[in-house]
Every structure is written in structure tokens, then in C-alpha cells.
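Make a model of the complete structure from these sequences and hints.
Each chain is listed here by its residues.
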Amino acid sequence: MEQHFVDALKNDDTKLIKVIYGDYRNEFIFFSKKYNIPEADSLDIYQEAFLAIRKHAISGKLKDVSSSFKTYLFGIGKHLIYNKLKEYSSKQSYDLLLHKVDADYEEITVDASEKLTKEQELLRHYFKQLGKSCQQMLTLSFYRGLTNDEIATLEGYENEAVVRSQKSRCLKTLKNLIKNPLK
Amino acid sequence: MTNETLIEKYFSKRLTTDESLEFQTLYDTNPSFKQEVDFLKAVKTVSETEDDAQFKKQLESYESEYSKQHKKTITKWIKPLITAAAIVLIVFSFNYLMTESFDEEKLFSTYFEPSKNVTSPIVRSTDNETTLNNAFISYSEADYKQAILLFKKAYQDSENSELLFYEANSLLALGDYKNAISKFEEHLKHSDLLTNRSHWYLALAYLKTKQHDKAKQELTLLINSSETFKKDDAISLLKKIE
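Protein chains in written order, with UniProt numbering: chain Y, 1 to 183; chain S, 1 to 242.
Keep in mind the hints are simulated off the structure, nothing from the lab.
Every residue gets a Cβ at the ideal spot worked out from N, C-alpha and C, and that includes glycine.
Treat the hints with care, since some could be wrong.
[Claimed, not checked] Partial list, derived from the structure: chain Y residues whose beta carbon lies under 8 angstroms from chain S:
#  : residue
1  : Lys-18
2  : Ile-20
3  : Phe-127
4  : Lys-128
5  : Gln-135
6  : Tyr-143
7  : Gly-145
8  : Thr-153
9  : Tyr-157
10 : Glu-158
11 : Val-162
[Said to hold, decoys possible] In silico BS3-like cross-links for lysine-lysine, where the CA-CA straight-line distance does not exceed 30 angstroms:
#  : chain 1 : residue 1 : chain 2 : residue 2
12 : Y       : Lys-86    : Y       : Lys-55
13 : Y       : Lys-118   : S       : Lys-13
14 : Y       : Lys-10    : Y       : Lys-128
15 : Y       : Lys-15    : Y       : Lys-61
16 : S       : Lys-56    : Y       : Lys-18
17 : S       : Lys-57    : Y       : Lys-15
18 : Y       : Lys-132   : S       : Lys-57
19 : Y       : Lys-132   : Y       : Lys-55
20 : Y       : Lys-172   : S       : Lys-240
21 : S       : Lys-153   : Y       : Lys-172
22 : S       : Lys-56    : Y       : Lys-10
23 : Y       : Lys-10    : S       : Lys-57
24 : S       : Lys-106   : Y       : Lys-175
25 : S       : Lys-152   : Y       : Lys-132
26 : S       : Lys-57    : S       : Lys-34
27 : Y       : Lys-63    : S       : Lys-189
28 : Y       : Lys-61    : Y       : Lys-128
29 : Y       : Lys-175   : S       : Lys-9
30 : S       : Lys-208   : S       : Lys-152
31 : S       : Lys-145   : Y       : Lys-15
32 : S       : Lys-240   : S       : Lys-116
33 : Y       : Lys-61    : S       : Lys-178
34 : Y       : Lys-128   : S       : Lys-214
35 : Y       : Lys-70    : S       : Lys-34
36 : S       : Lys-214   : Y       : Lys-175
37 : S       : Lys-34    : Y       : Lys-55
38 : Y       : Lys-167   : S       : Lys-208
This is the structure in C-alpha cells:
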């Protein structure tokens, strides 16, 4: 797979992401038309597929993938289109043959994102009250799994000790917000 | 190895087999360690959800650009019609246009950018955890809400009037024009190196809130002062709104 695309998604290279998004957008709408998906839904699906491929890039799943970026993206899209068709079918009958329309792209399954528990929703509420730099610090540390050294290099901190102290301050602020919510 | 390092390696998926075992033992036997790890796991889930939501917003913003372009192409054929209507409109509202021929919103966004930090260079280090340094870090990261709180506190501690200027800039960047205006006015009561610069930002805030006369007055004050900052911009803006 094109490594620079994967890197762009991992490193939030917004310029390149926008170009990639635009490059495959219209073709994907055309692709989903074969499955009788209305344009509004196909755009939602395209965005979901894009989000999913980014998650795979971040988690390292794309490291050993040999197919092209586009094939993988459309494979995820295909999976999401099937889900959409199933959703439609619960409302009205649909042609099962639609499942066999396009053999060019192999379906790639993605995990449906789990809903946050009540406690997690509450934690999200407080997380959003943190400053942008703290949110970024915690996202890089825990979701992206970067080490303190890596964060120091990426974000321009003096050294890993500064990152460590900043991170611990952010966590302390978050815990304080939970204990003493802002009115 | 400290528990902190063990946790860091756990989240970056770099635990060796032995460390994994140590981690698991601690998790099973030490309730406070377990509590901390569970909390951080929840932070992981929440930050992932938030990160996804931000990325989704980014993609949606691309879509709104596409739909604008789409609108442009479908409305191509009515362009001559619009032109004709516009000419009629211009003729009929000539007098009105003479006095109100500028768009405050557009002018504001063209001319406004929060002032650079020219007061105190940022030091990113554990040895410099002062409120002032943190205030300028938040300000440089465009975290204006946090910056406002910290500038307020730093001003209380130091009474350095230049900090009022940055607090007002943060308010203006957040679109809180009313409070930005009163903060710039407060800053103008002091005499420091940045005092005259407040005239420029105050003029922009007045312009944004359609107080044209006051905006003109502030621009004139800046132009007539010895301050060179934004002088050319002030002259061109004044011409546009006169």
C-alpha cells in the first residue's frame, strides 16, 4: 500500500488527506450507485470508510496490507454498503443479487464502533473541557500510543521529562474536573 | 521499572514478555494500579471517540466545499439574470451604497489576526511552570479560553498591563467582542509598549460590531501616534470605511 497515504492519515497531514479524499470521492459515489445507494447515503458511507481506513492506519493494521490504498478503501466501502443494504431490507425488500454486483473489490470487514458507556460519556464531557493542548497530549499518549520521547519530538517539547510532567498535569486537571465539575 | 513507565509501555504496545507478566501481576494484585489503568483505558476510548469526531468534521468540511462548487456550476445559467438584477439594484440603491459599501464581516476577517507574543518568549521546560509562561503557551496554541484564565491570573500577580492586551486579543479571537472592547479600553488606560497597538484591535472590534465612528476614531488615533505597527493597514482600512 502507498506508504505516504498511510503516513498522511497517521500524522494528520490535512493537505494530503484532502487530496486523497477528493481523488476517490466521485468514483466511490459511482461505485455505490451500482448498489442503488442514493448519493446522500453514499457520501456518508464514503466518509465512514475513510474514517475506518484512518483507524486502521493508526492502529498499524495497514502495515502488512499488500493491496492498494484505493482497493482497501473501496473494500471497506463495500462492507459498509452491505450493512446499509441490510438496513434498507429491514424497511423494505431488496434484491439479494445486489450483493454480487462488483467483484473488483474484496469486502473488508470493519468493527462497528461501540457506543460509549454512561461513565465514558461523562468522562468525554470533562475531557472536552480540557484545553486543546491537553486533549492532544492525552490523545497522543493513550489513543495513538506514542511514547513520551516520540511526543517530545513530534510536538517540539524540550525532552521527555517535560512531556511526562505536562501529561501528569493534564491527567490531574481531568481528575479534578471530575471531582469538582465546573458550574 | 516504575509503574509509570510500565503503563507508558503498555499503551504504546512495547511491553516485553517479562514486562507484560509484571504488568498483569500488578493489575491483578494492586487495586490502585488497576484503578489507574482502568481510568487510562477509559481516557483512551474517549480520546479515540473525540479524535474520530474531529476527523469526521474535517471530512464534512470538504463536503461543504464540494456542495458550494456544485451550486456554482448549476447556477451558471442564471448568471446573466443576476447581473441584470444587480445593475438595477445598484442604480436604485446608489446613495445607500455610497455610505454602506463595505462588509464589516469581510473586512474584519481580512485584517484581524491575534497579535503575536512580543512580550515574553515561551520556554517549554519543567523549570518554567509559571502562570505567565503557561498563558503564552496556551495563547500560541490558540487555546484562547485557557489563555484568558491564565492571563487574568498572571495580571493579578504581576500587574503587567501588557497582559491585558493579550487577554483582549484572546477574547477577540473567540468572538467575544463586547468583553474584548472593554478589555482593550482598560488596556488603553495604561501606558506601556503595546498601548498604541490596542487602537488597532479596538478599531477592528468596533468595526465588527458596526460602530463605524468609533472604529474611525481609533484608526485615526493609531495613524497619528508614533506607533508604526499596522500603520499602513490602518490607513487603507480607514479609506475603505470612510
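Do the hints match the structure? See the list:
{"no.": "1", "hint": "Lys-18", "verdict": "holds, 6 angstroms"}
{"no.": "2", "hint": "Ile-20", "verdict": "violated, 11 angstroms"}
{"no.": "3", "hint": "Phe-127", "verdict": "holds, 5 angstroms"}
{"no.": "4", "hint": "Lys-128", "verdict": "holds, 7 angstroms"}
{"no.": "5", "hint": "Gln-135", "verdict": "holds, 7 angstroms"}
{"no.": "6", "hint": "Tyr-143", "verdict": "holds, 4 angstroms"}
{"no.": "7", "hint": "Gly-145", "verdict": "holds, 4 angstroms"}
{"no.": "8", "hint": "Thr-153", "verdict": "violated, 13 angstroms"}
{"no.": "9", "hint": "Tyr-157", "verdict": "holds, 5 angstroms"}
{"no.": "10", "hint": "Glu-158", "verdict": "holds, 5 angstroms"}
{"no.": "11", "hint": "Val-162", "verdict": "holds, 5 angstroms"}
{"no.": "12", "hint": "Y:Lys-86 - Y:Lys-55", "verdict": "holds, 24 angstroms"}
{"no.": "13", "hint": "Y:Lys-118 - S:Lys-13", "verdict": "holds, 27 angstroms"}
{"no.": "14", "hint": "Y:Lys-10 - Y:Lys-128", "verdict": "holds, 22 angstroms"}
{"no.": "15", "hint": "Y:Lys-15 - Y:Lys-61", "verdict": "holds, 23 angstroms"}
{"no.": "16", "hint": "S:Lys-56 - Y:Lys-18", "verdict": "holds, 12 angstroms"}
{"no.": "17", "hint": "S:Lys-57 - Y:Lys-15", "verdict": "holds, 15 angstroms"}
{"no.": "18", "hint": "Y:Lys-132 - S:Lys-57", "verdict": "holds, 16 angstroms"}
{"no.": "19", "hint": "Y:Lys-132 - Y:Lys-55", "verdict": "holds, 21 angstroms"}
{"no.": "20", "hint": "Y:Lys-172 - S:Lys-240", "verdict": "violated, 50 angstroms"}
{"no.": "21", "hint": "S:Lys-153 - Y:Lys-172", "verdict": "holds, 20 angstroms"}
{"no.": "22", "hint": "S:Lys-56 - Y:Lys-10", "verdict": "holds, 15 angstroms"}
{"no.": "23", "hint": "Y:Lys-10 - S:Lys-57", "verdict": "holds, 17 angstroms"}
{"no.": "24", "hint": "S:Lys-106 - Y:Lys-175", "verdict": "violated, 42 angstroms"}
{"no.": "25", "hint": "S:Lys-152 - Y:Lys-132", "verdict": "holds, 19 angstroms"}
{"no.": "26", "hint": "S:Lys-57 - S:Lys-34", "verdict": "violated, 35 angstroms"}
{"no.": "27", "hint": "Y:Lys-63 - S:Lys-189", "verdict": "violated, 61 angstroms"}
{"no.": "28", "hint": "Y:Lys-61 - Y:Lys-128", "verdict": "holds, 28 angstroms"}
{"no.": "29", "hint": "Y:Lys-175 - S:Lys-9", "verdict": "holds, 22 angstroms"}
{"no.": "30", "hint": "S:Lys-208 - S:Lys-152", "verdict": "holds, 24 angstroms"}
{"no.": "31", "hint": "S:Lys-145 - Y:Lys-15", "verdict": "holds, 27 angstroms"}
{"no.": "32", "hint": "S:Lys-240 - S:Lys-116", "verdict": "holds, 25 angstroms"}
{"no.": "33", "hint": "Y:Lys-61 - S:Lys-178", "verdict": "violated, 50 angstroms"}
{"no.": "34", "hint": "Y:Lys-128 - S:Lys-214", "verdict": "violated, 38 angstroms"}
{"no.": "35", "hint": "Y:Lys-70 - S:Lys-34", "verdict": "violated, 42 angstroms"}
{"no.": "36", "hint": "S:Lys-214 - Y:Lys-175", "verdict": "violated, 46 angstroms"}
{"no.": "37", "hint": "S:Lys-34 - Y:Lys-55", "verdict": "holds, 27 angstroms"}
{"no.": "38", "hint": "Y:Lys-167 - S:Lys-208", "verdict": "violated, 39 angstroms"}
Of the numbered hints listed earlier, those contradicted by the structure are 2, 8, 20, 24, 26, 27, 33, 34, 35, 36, 38.
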